[in-house]
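S.K.: Spelled out, the chains give:
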Amino acid sequence: MSRRVVTVERYAAKRPWGHFAALLVVAVLVIGSFWAVEWDFSTFTDPAKAERALERASGLVEAFSSPDFSDDWLERCWELTKETLSAAVMATFLAVIFAYLLAMGAAKSVSVGVEPVSGWRGRLLRLPQHLFCSACRWTLDVLRAVPDFAWAVILVAVLGLGPVTGAVALALNITGILGKVYSEFWDSVDPKGYEQIRALGGGRLKTFLYGIRPLASRSVQSFTLMRAECAIRNAAVIGAVGGGGLGAEIMYQIGMGKWGKVTTLMLYTLGLTLGADLVSNFIRRQLRSDPNHPRAVRARSTFANLSRAYIGVAFAMCVVLWSVWFMGWGNSAGPDGKARNYLEPLAKLGDAKERKKIAFFEDLLKPDFDLESIGYGDPAKRKIHEQMGTTVKFSDEYEWWDFWRPSAWVSWEKSLQNWFVWRVVKSAAVPLAMAIIGTLLGVLAAMALSYPHSLAFQLESQQFTGESPHPAVRVLRVIQMALARGIGLVSRGVPEVMWAFLFIAFFGPGLLAGSIAIALHTLGVLVRVFSESVDNIPYRRFEQAYRGSRMSCFAYTAGPISWKDWMTYSFFQFESNVRMGVVLGIVGVGGLGFFFTFNFEWFRFEKAGTHLLVIILLTVVIDRISRGLKLSRVS
Amino acid sequence: MKRVGWLMIALAGIFSFAACGGGNNTAGGNTTGSGGGNGKAPDKIIITAIPDENSDAFKDHFKTIAKYIEGKVGIPCEYMHVENYAAAVTALANGQAHMSWMGGVTTVQADQQTKGEAVVVACRDTDKKFVTYFIANKDAGVGEVKDLKELAGLSSNLSFTFGSKGSTSGHLMPRHFFTTQSGKKPEEAFKSVAYSGSHDKTMQQVADGTHQIGALNYAVYERLKKEKPELAEKAPIIYKTPSYVDYCFVARKDLGDELIGKVRAALLELDPATEEGKKILGYWKAGKMVEADMSEWAGIKAVMESGVDIGG
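Protein chains in written order, with our numbering: chain A, 1 to 635; chain B, 1 to 312.
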């Protein structure tokens, strides 16, 4: 009897409640995002509109089939590409330096130490260190939560237009991301690994330098590399808000409808991002330390082994020096063809006159909470609100006991609309809705595409199926895989913002354009990692489950095995898509980001400050949820 | 352990010191004033302009003006291009530029941001009775309307575009006339409301069907109609707004009355009979430059203060 209970309990524990809950949450989110903001599907439902959209889509294909390859234009594109690259390199370089310092503060194991303390005196003495640690963490949170595009919008007014603005904006955001992840890496190093240094009397700095840092250096290197790749992708589009480089030109040419030039620019962007992809893969291979890995590079001698690190550092320094030189003296991408010093505004920041410009934005730090309309604050302003009937009143038509009537909620919400802060919070629904729908579509598409994308199921399937396919079938499979990889490559190589520009240009601005842009980029990013995790499954597991159809083997064996990985990646992607939703708002889709730039450009810094605060909160809340769900990047 | 503690304290100290330093300096900076120095004429005049058009012709136009002023006043004059409206205001407010070609909204913003330290130099004769055109894509099936209420009534499924967010003729005034005439916000009346960024982009995008309806500066429309008649044909005018004041040259007061006077005289002298005058005024579609005063922009200020409600 008792045995039976145990079995039942075991099965009960295995019942996938989590999956049902997750499905429910996804369903609620999807319904919520269709309900909370207005979607416009008339492009699909209205035949006249559909026809026009189709016409425009064919126009798009036609436009992209005739890129502008005149010599002048190619040369200008090349200059812009270099400008983009130099901005990205500089951003990464600055970010690594600042992130390192801030992460030392933000990592508890480094700034506070791991020895247990006892007694109130010990705790009190630790207090400053704890405070310093949380101060660093908050700084990183804020830096990370404000998207690079929002930083650029703010910085354009201080530094002017140009690649330096883009570089600094990117650097600020990347500092936040790198700093957080570095500190997590350092905190997750097992204290046993460096307890000897403590035992020998090493202080916190020595423990960090000789214990923690080397133990985490692989992860730090590899993550930095990944962010550098992202920096290049973002640098290619940050010009849309004044950051210089390819993005500025693309924005301009799309506005003028010169599709031939746009095509060339996009080809260069694609080349740049794919080049970065290849280079970082190469570096990653060099960094691989596991000698048992079949594709590891085995160093032949001590000299070769050590020199690799020096060569790597020297190469990185050369690239950084080049980018500084290029930005200062070598950049002749300007319209007059003369080299222009873009570093000037940065150097000028030192003098008092330039600092006045920063004082300009002090209002940004005093967000407008519109307390008057909810009955607090300045009485004079409150009176104006009352006269205009724009105060928040809940008890006008319904009392609190009417809470069961839906109409009461509608009326309360309507009244709450008078409160500026509520409107700001509501506008966050737009990026959220775009992120939810975009991520969902992207994830579904990536799952479907990872079957043709997977090496295991296309080229090496005979290893577990036992079949020996006809050469023609094999060729077909190769073509299938090449197509799938091509789709993945292009949709991840072109940044979301650029996709959004295209969809806006052809199908009008709106949530739909933004969501499709996000979905497409998500597809590209995820299909790679999805099929990688499928390819990492040992073939013997397929061998056992294979029943004559590769596709069902993929659906019922490969899918479930890699499901957990897939979901983790998808959640990360969702996080970054929410930020992307805000960014798409900044470039014109609408919602939170749009209102932020609007108020900023109208010099209503207090209101822009409120929007900025909500942007920060949005990111921090999602980050805390992901931490709560233990989906941390460090695993 | 101890050393790290000291390091941290030192770091924290540096940060707080830097923060205080910044604060003190900015407070001090306000009293000493900035820009071209106190009353002393600068050795170079930097002019800028709101980029209400997105073309090389626009930059050339202002380079010509800079050269013209340089010749008349005898001080080197340089044109600095900025990418958006807010940047032009900021440049003027913090002394990066001495003089700027502003629209109505940006003139008022410059006045506010410099705390009254800005003065109107001159404006075009056309600026005192400026007009916005509403245009529609030819295939959208929207004919001429007698007022904007009619437009608001028939267009629930059309997409609409303004120009730049900070534009007077491309955003504030058309929005103002639309709301007062129809009682509806454009966001409520149209399927979507976008901001193309500049007047010529608005025209381009309405003509190619990205948006069905747009509002833009009449002078740009008239000029583009001459240059690219095929665009104007695809985007006919459906409504002309009542007139209002718009563009002008705004200068910082610390440029000195004498120098401002010289520049003003030079601008007023512009004559379509001369080659330079023809080039400059021809681009602007104006007959001559006239004197103006900041008080004339009070109407725009009132509209701005009554609130531009975009729903956020």
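The hints are simulated quantities; they were obtained by calculation from the structure and are not laboratory data. Some hints could be false.
As the list claims (entries may be wrong) - The list that follows gives simulated cross-link-like pairs (lysine-lysine, DSSO-like), each with its CA atoms no further than 27 Å apart:
#1 K414(A) with K146(B)
#2 K381(A) with K301(B)
#3 K59(B) with K288(B)
#4 K240(B) with K138(B)
#5 K348(A) with K115(B)
#6 K115(B) with K149(B)
#7 K381(A) with K149(B)
#8 K383(A) with K59(B)
#9 K426(A) with K115(B)
#10 K288(B) with K414(A)
#11 K393(A) with K185(B)
#12 K258(A) with K301(B)
S.K.: A separate judgement is required for each hint: does it hold in the structure or not?
M.R.: Evaluation of the provided hints:
1. As the CA atoms of K414(A) and K146(B) are separated by approximately 34 Å, the hinted pair breaks the 27 Å bound.
2. Restraint check for K381(A) and K301(B): the C-alpha separation of about 20 Å stays at or below 27 Å, so the hint holds.
3. Restraint check: the Cα-Cα separation between K59(B) and K288(B) comes to about 20 Å, which is no more than 27 Å; the hinted pair holds.
4. Note on K240(B) and K138(B): the hinted pairing holds, with a Cα-Cα distance of about 17 Å set against a maximum of 27 Å.
5. Only pairs whose Cα atoms come within 27 Å are accepted, and K348(A) paired with K115(B) is accepted, the gap being roughly 24 Å.
6. Of the pairs offered as hints, the one joining K115(B) and K149(B) is violated, with about 38 Å between alpha carbons and a cut-off of 27 Å exceeded.
7. With a C-alpha separation of about 32 Å, the suggested pair K381(A) and K149(B) falls outside the 27 Å cut-off, and the hint is violated.
8. Our distance criterion of 27 Å between C-alpha atoms is broken by K383(A) and K59(B), whose separation comes to about 48 Å.
9. For the proposed pair K426(A) and K115(B), the alpha carbon gap of about 34 Å is over 27 Å, so the pair is violated.
10. Straight-line distance between C-alpha atoms of K288(B) and K414(A) comes to about 52 Å, which puts the hinted pair past the 27 Å bound.
11. For a cut-off of 27 Å, the pair hint linking K393(A) to K185(B) stands: about 24 Å separates their Cα positions.
12. Among the hinted pairs, K258(A) with K301(B) is inconsistent with the structure: their alpha-carbon atoms are about 38 Å apart, more than 27 Å.
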